[in-house]
Amino acid sequence: MVESFRAFLVNQTDARFTSGIRTLTLDDLPLGEVTIRVRYSSVNYKDGICSLPNSRLVTQYPMVPGIDLAGEVIESQDTRFRSGDPVIVTSYDLGTGHFGGYSEIARVPASWVVPLPEGLTLREAMILGTAGFTAALSLQRMEENGLRPDSGPVLVTGATGGVGSTAVAMFSQLGYQVIASTRKESEHAFLRELGANEIVSPDELVLRDGDSFANLPERFAGAVDPVAGKALPYILNTMKYGGCITVSGFTGGPELAASVFPFLRRAITFIGIDSVLCPMSIRAPLWQRIARELKPQKVLEHIVQEISLDQLPQTLERILRGDMRGRAIVRL
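Following this note's numbering, the numbering of the sequence shown begins with 1 at its first residue and continues without gaps.
One or more hints might be untrue.
Stated by the list, open to error - Using 20 Å as the maximum straight-line C-alpha spacing, the simulated SDA-like pairs for lysine to any residue come out as follows:
(1) Lys240 to Phe270
(2) Lys240 to Leu216
(3) Lys298 to Gly119
(4) Lys184 to Gly252
(5) Lys184 to Gly119
(6) Lys230 to Ala257
(7) Lys240 to Arg148
(8) Lys298 to Arg325
(9) Lys240 to Ala189
(10) Lys240 to Gly252
(11) Lys230 to Phe263
(12) Lys184 to Met280
(13) Lys230 to Glu193
(14) Lys240 to Asp211
(15) Lys230 to Phe250
(16) Lys240 to Ala258
(17) Lys230 to Pro217
(18) Lys240 to Glu143
(19) Lys230 to Gly322
(20) Lys230 to Ala258
(21) Lys230 to Ile199
(22) Lys240 to Leu286
(23) Lys298 to Gln177
(24) Lys240 to Lys298
(25) Lys230 to Leu256
(26) Lys298 to Arg123
(27) Lys230 to Asn215
(28) Lys184 to His302
(29) Lys184 to Glu198
(30) Lys298 to Asn215
Everything labelled a hint here was simulated from the structure, so no lab data went into it.
Go ahead and model the full structure; you've got the sequences and the hints to work with.
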């Protein structure tokens, strides 16, 4: 087994914050039953937050960020996993309270580990990662609420981001009419390539003075919203009867100013999507479904850029600026 390896480490003391590539040893790794040779990780907005000083997400220092990883088992104290097994680990405390994916070697609790499903490569699993899993979980929860391709159009906000771009591709692949929201006119061709039928600006998704569900037309059968903020009240007031909204983030802000009328008069369902503590009884079967039917067959390579560990700091800065299209993965 490798004795030393490279990792991206952040550390915070009372007076000083540091970040950068460091050489670690196996003794530096936290406790866990499964040791993994990491092949790929991915870059998420959450990872960007964890790379900042005084991050509200990191619960202890030093920390190796990276909420996703995929690789092969080196050693396992759990009989479910053997040396050489390809595996995925996403979310839980990975990268926030437990050393994460930006490391050539990782050690994690066995209860966090998902066997790589047949039909997915390690690289594809990280192109999707937590963002793709969140998009798939949104889709599944909306289907459980009765959404079908013939129900009407589905809005996807933040459509050029990780959750948004994979949601556009997944819903389109299953035959849904997808309306993608972005203010980046330069990315319209990209979104249409992913399968978007229509593209709107977030400026169109804002309530004006006097607007309410009573005088706005019913527009969306469903909405995948990783943004929230000012658009969410408009979305609520323009949902079709029996429509469903999944909210998985708040890059647009956490506040929500809304009335109960859309819920009561149009039977709207509002579902919070959590991929962090999602139970394994849902997590593992959903990864199987992703591999079987939700993996965007033709577009995975269109939404990804591959970087090295040395390029990671600059990429984290880009995702925090909102300057990312699709997904970035780290090859370790």
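For each hint, the structure was consulted:
no.: 1; hint: Lys240 to Phe270; verdict: holds (13 Å)
no.: 2; hint: Lys240 to Leu216; verdict: holds (11 Å)
no.: 3; hint: Lys298 to Gly119; verdict: holds (14 Å)
no.: 4; hint: Lys184 to Gly252; verdict: holds (15 Å)
no.: 5; hint: Lys184 to Gly119; verdict: violated (33 Å)
no.: 6; hint: Lys230 to Ala257; verdict: holds (9 Å)
no.: 7; hint: Lys240 to Arg148; verdict: holds (13 Å)
no.: 8; hint: Lys298 to Arg325; verdict: holds (17 Å)
no.: 9; hint: Lys240 to Ala189; verdict: violated (28 Å)
no.: 10; hint: Lys240 to Gly252; verdict: violated (23 Å)
no.: 11; hint: Lys230 to Phe263; verdict: holds (18 Å)
no.: 12; hint: Lys184 to Met280; verdict: violated (37 Å)
no.: 13; hint: Lys230 to Glu193; verdict: violated (27 Å)
no.: 14; hint: Lys240 to Asp211; verdict: holds (16 Å)
no.: 15; hint: Lys230 to Phe250; verdict: holds (10 Å)
no.: 16; hint: Lys240 to Ala258; verdict: holds (16 Å)
no.: 17; hint: Lys230 to Pro217; verdict: holds (18 Å)
no.: 18; hint: Lys240 to Glu143; verdict: holds (15 Å)
no.: 19; hint: Lys230 to Gly322; verdict: holds (17 Å)
no.: 20; hint: Lys230 to Ala258; verdict: holds (11 Å)
no.: 21; hint: Lys230 to Ile199; verdict: holds (18 Å)
no.: 22; hint: Lys240 to Leu286; verdict: violated (27 Å)
no.: 23; hint: Lys298 to Gln177; verdict: holds (18 Å)
no.: 24; hint: Lys240 to Lys298; verdict: violated (31 Å)
no.: 25; hint: Lys230 to Leu256; verdict: holds (8 Å)
no.: 26; hint: Lys298 to Arg123; verdict: holds (15 Å)
no.: 27; hint: Lys230 to Asn215; verdict: holds (19 Å)
no.: 28; hint: Lys184 to His302; verdict: holds (17 Å)
no.: 29; hint: Lys184 to Glu198; verdict: holds (14 Å)
no.: 30; hint: Lys298 to Asn215; verdict: violated (40 Å)
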